[in-house]
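There are 2 protein chains.
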Amino acid sequence: MPEYKVPLRDMRFVLNEVLDLDAHYAKLGLEEVNSELLNAFLEEGAKFAENELAPLNRSGDEEGCHFEDGVVTTPQGFKEAYAKYVEGGWPAMGGDPEFGGQGLPGSASIAISEMTGTANWSWSMYPGLSHGAVATIEAHGTDEQKQAYLPKLTSGEWTGTMCLTEPHCGSDLGILKSKAEPQADGSYKITGTKIFISAGEHDMAENIVHIVLARLPDAPKGTKGISLFIVPKFLTDGNGGVGERNAVACGSIEHKMGIKASATCVMNFDGATGYLIGPENKGLNCMFTFMNFARLGTAIQGVAHAELGFQGGLTYAKDRLAMRSLSGPKNPDGPADPIIVHPDVRRMLLTSKAFAEGGRALVYLCAQLGDSVKLGKTEEEREEAHELMALLTPIAKAFVTEAGLEAANHGVQIYGGHGFIREWGMEQNVRDARISTLYEGTTGIQALDLLGRKVLMTQGKALRNFTKIVHKFCEANADNTDLKEFIEPLAGYNREWGELTQAIGLQAMQNPEYAGGAAVDYLMYSGYVTLAYLWALMAAKAQEQLAAGAGDEAFYNAKIKTARFYFKRILPRTAGHKGAIEGGVDSMMDLDAEHFAF
Amino acid sequence: MPEYKVPLRDMRFVLNEVLDLDAHYAKLGLEEVNSELLNAFLEEGAKFAENELAPLNRSGDEEGCHFEDGVVTTPQGFKEAYAKYVEGGWPAMGGDPEFGGQGLPGSASIAISEMTGTANWSWSMYPGLSHGAVATIEAHGTDEQKQAYLPKLTSGEWTGTMCLTEPHCGSDLGILKSKAEPQADGSYKITGTKIFISAGEHDMAENIVHIVLARLPDAPKGTKGISLFIVPKFLTDGNGGVGERNAVACGSIEHKMGIKASATCVMNFDGATGYLIGPENKGLNCMFTFMNFARLGTAIQGVAHAELGFQGGLTYAKDRLAMRSLSGPKNPDGPADPIIVHPDVRRMLLTSKAFAEGGRALVYLCAQLGDSVKLGKTEEEREEAHELMALLTPIAKAFVTEAGLEAANHGVQIYGGHGFIREWGMEQNVRDARISTLYEGTTGIQALDLLGRKVLMTQGKALRNFTKIVHKFCEANADNTDLKEFIEPLAGYNREWGELTQAIGLQAMQNPEYAGGAAVDYLMYSGYVTLAYLWALMAAKAQEQLAAGAGDEAFYNAKIKTARFYFKRILPRTAGHKGAIEGGVDSMMDLDAEHFAF
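As you go down the protein sequences, you meet chains A and B in turn. Anchor point for the first sequence: position 454 equals 454 in full-length UniProt numbering, and the numbering is continuous, going up by one each time. Anchor point for the second sequence: position 257 equals 257 in full-length UniProt numbering, and the numbering is continuous, going up by one each time.
Excised from the complex, chain A in its bound form (with noise of 0.2 angstroms):
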């Protein structure tokens, strides 16, 4: 299995160079975070991630988490390299230093994020779910509430969890039907089934604070009856140490595809003791806080698998022979050329790098806008920022992973027959990426979320508003003749985008189901304008250091290289999915359910 090498240069490339986080953290008055410190992290992530982490990545996997009588074991150094993530002070990156954390942005972590779930996503999940219930807790909590849970999780001597799927619904969460019947004393009886919960029992922490969605009796029917709960493993003591045993239990784990490093526990609450957070029957609401979080988060995982399977592939089709190149011998005294050399191995190649680094700026994108959600100086400031990482959301989680799990399979392809053999990790990283387009909503939840609620319950304004970014960045830049290979393209889709939007919106005034046989296309298509966006703007930027004599010469015209690739043979696709948007609904809809088969 080839190692995992963190892509430290290109991390600073997006970070330092095409987003400026200096001067987005001088904006938002964080003095004390710039590039400097940064870089010393990414060092220090990167030595972790690939001594500690990638080693048990695809041992992990052979050796799966082991269950018996509702105990859950991960596999062999597991929890050893959790025990040093805490003892290195990583979980708290992000926390309120009031509760312990160092109180850096999302922007800040977002690479280390990165690196670890490359390295080893099964791992990951372990601290990644926790970050959701520590910014639920931190966002909705009392006082009270997060004086007993924020100090441990924020050190991470405590895991979280976000227990919302049932055997019965799980996108559709308004059919759930947990109880949560109120005490005397204020706390709650939790009741009922919660599955696929990630990191729901491990042997890794002591305690572990499950956030629950459940209804309140004589709750109203629906999404508006739902309300959130904190129930821990362990009670607390009262002194921020562990106390009695809850009434909840990890009933079985499952048997998956992928990520079986990763505990996916049935947990069975039995009358356990749950306290309310948020108010009553907004859950749901308290739940975004979460979701967009966890979008981003599985975004990643995306640019996790595109990088795996680049890496593995590029190592392959440099040290393989065989074949010669078609125009003419490039290793005469070998037996056979590099598979490097043949043009179809060169096309998976970039196709994988261009969604790994397209992917990583995109997803390092929303990370900045969500700094500027939290910490912006203006009200206007936070709202555009709002609505953009609302619009870009969705596709950044939708998209990116698809892309991911495109080139997870590119990986497999270019090794031949022997990327179907365990021991190359490559159809490892395959099947563990074939649940990134599933979870946390699926791409066609995503889709929709993205076409119905985000683009046309806004007449559009959301859309605009970042074609109207992609506008004047072609409008500054229109002069650049060595930028106009992809400055003119990118004007033109950025035109065709809200034309094709625009057209969808009057199919779908007359029927509505319009929208949702074209949410996925659209989705699809979304995603690679918003990636030459991405890549012209790297493009520009690589142009502008090597005009500026920065240096580093070959990794400046790779980017343009392989933007240049990315306009030439990628992007095209969107004529495809245009293409089927065009193509209508009837033909979907006019098939009755019972002549799908005879």
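Errors might be hidden in some of the hints.
Which copy? The list can't say, so a pair holds if one copy fits it or any two copies do.
What the hints assert, rightly or not - SDA-like cross-link-like pairs, simulated, lysine to any residue; straight-line CA separation at most 25 angstroms:
no.	residue 1	residue 2
1	Lys177	Pro335
2	Lys330	Asn511
3	Lys330	Gly225
4	Lys224	Pro335
5	Lys568	Glu582
6	Lys146	Asn465
7	Lys221	Pro332
8	Lys568	Glu499
9	Lys541	Asp590
10	Lys177	Ile421
11	Lys177	Gly241
12	Lys468	Phe67
13	Lys330	Pro512
By construction, these hints were calculated from the structure, which means they are not laboratory data. Here the structure is a predicted model, which means the values were calculated and not measured.
Add chain B to chain A, keeping to what the hints say.
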């Protein structure tokens, strides 16, 4: 896991109605073969596939094959199912009557191969590979060799393998190293290591006959120095039974992503006794006999996984309740609507259905052409069929398996998070499907074969032969207003296909890399257009039957509606592939191998 139900109605539609096999057999002078006989086979085959093989599909995946001291044990039930298969006379269907075969043409057994393969692809690899060995010995063996091996191979008491790949070479067989030293008795001592040998060792048959590629001493370098040898696991005893054990042994089996119940063996030949088959140094030419067969066999796998993804997805989509239809509740008394009401779920189901049924038509058409290649009454007829089959085989192999993999992934996606869980079987379908775009020549290799060897090297002749057939079909139906929605776009794509090919040819004359860069997109483009032809053909037949009042209206209407979906929603993908091709190859070749990563 949803039960597999053999789509008998659809198989009969393709065989009897679309391809009109009765007329085809009459033309070939095969009086004893007809649709009545085939129908009986289909019924029996379906029982065997559904009752004997399908139940072992998931258990075989969970258990896998066992290896100990050179002995391979197949999962529980595999051996017994194979014994029943032999007892039922199934292996002999296509065999030469002189050696106990039933002499049926390939088109008569293709549906049986599809149903056994879909029920349990791993299991079907054991008899499947055997057919290749049989075909090779039938075509190139001496009378003595035929007498020695064909009776038991035909009956299925023995099985066969094809030993091509070595650790350092797969597609590039020119660099293989296995050696064959001539012995005084006319036999050879074969020495070398072969990998990825499916069914190389197992416990189902009393003998295994390996067909092995190796080099004679002083053979020319490259592909012109390879010869073919028969190397049986047990030497024959001269009376049709087994004698002494030969020096060939299984060194290990691979741990794979999928088809885990199929033993993928490392085979060590340690001075094993072998017999030359076919002329010296012409081994690769002889292999071609087998290769088209094997490619078509792999194309079936695309149909298999598309069908399983479709059937599994359909079952779940009708059962699972989530959300309400965008056009109002369809299940008002339930807590939510079945997800089949949602356009995006229908998009995935219809895509899978269109691939399964369209792929089936293409693969069966290839099998029909295979009959004509072998049994055509005139040289011209045989040659014409051969040219067309040569063109369509790489399309069938690569496009149908890519489509199968996509459909298998849709199957997972329709299940949401549950698709990732092993017990539902949908993730196994993806893992099993993943090999199909890799073995028997990757998609990239098939694409080079199609564009390079089949299209450009014939100056487009093979393609023109096919586009002429499509053109004639369009002409013949030009006045049929009911078919206009299919005929008009098909005629346009058929023209565009020719133009695109010419444009590529011109570019490739300037730059040999151009074709390499275009190949996979060209293959996908060609696949979509080829399937469009088959869908138009099926729609025309369905419409004809409706007009004739043949009954079965729901079935024929579903055909037409699926054709419409294919034309409206799938065929536009061609624009993406065409655009990518037109993006050229420079952006792919321009990046130095050392500058892919920093």
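Hint-by-hint comparison with the structure:
In the homo-oligomer, the alpha carbons of lysine 177 and proline 335 lie at most 25 angstroms apart only across protomers (11 angstroms), although the nearest pairing inside one protomer, at 66 angstroms, exceeds that limit. For the identical chains of this complex, lysine 330 and asparagine 511 are inter-copy neighbours only, at 16 angstroms across copies versus 58 angstroms inside a copy, given an alpha-carbon limit of 25 angstroms. Taking identical chains as interchangeable, the C-alpha atoms of lysine 330 and glycine 225 lie at most 25 angstroms apart only when they sit on different chains, with a minimum of 23 angstroms there against 67 angstroms within one chain. Within a single copy, lysine 224 and proline 335 get their C-alpha atoms only as close as 69 angstroms, which misses the 25 angstroms cut-off; across copies the closest is 15 angstroms, which meets it.
Taking identical chains as interchangeable, the C-alpha atoms of lysine 568 and glutamate 582 lie at most 25 angstroms apart whether they share a chain (23 angstroms) or sit on different chains (8 angstroms). Taking identical chains as interchangeable, the C-alpha atoms of lysine 146 and asparagine 465 are never at most 25 angstroms apart, the minima being 37 angstroms within one chain and 75 angstroms between chains. Taking CA atoms no more than 25 angstroms apart as the test, lysine 221 paired with proline 332 passes between copies only; the shortest distance there is 15 angstroms, against 73 angstroms inside one copy. In this assembly of identical chains, lysine 568 and glutamate 499 lie within 25 angstroms of each other by CA distance both inside one copy and across copies; the values are 22 angstroms within and 20 angstroms between.
For the homomeric pair lysine 541 and aspartate 590, the shortest alpha-carbon distance between copies (20 angstroms) is at most 25 angstroms, but the shortest distance inside one copy (49 angstroms) is not. In this homomeric assembly, lysine 177 and isoleucine 421 come within 25 angstroms of each other (Cα to Cα) only across copies, at 22 angstroms, whereas the closest approach inside a single copy is 43 angstroms. Within a single copy, lysine 177 and glycine 241 get their C-alpha atoms no closer than 32 angstroms, and across copies no closer than 67 angstroms, so neither meets the 25 angstroms cut-off. Proximity of lysine 468 and phenylalanine 67 under a CA criterion of 25 angstroms is satisfied in neither setting, with 53 angstroms inside one chain copy and 63 angstroms between copies.
For the homomeric pair lysine 330 and proline 512, the shortest alpha-carbon distance between copies (14 angstroms) is at most 25 angstroms, but the shortest distance inside one copy (57 angstroms) is not.
Violated hints for the displayed structure, listed by number in ascending order: 6, 11, 12.
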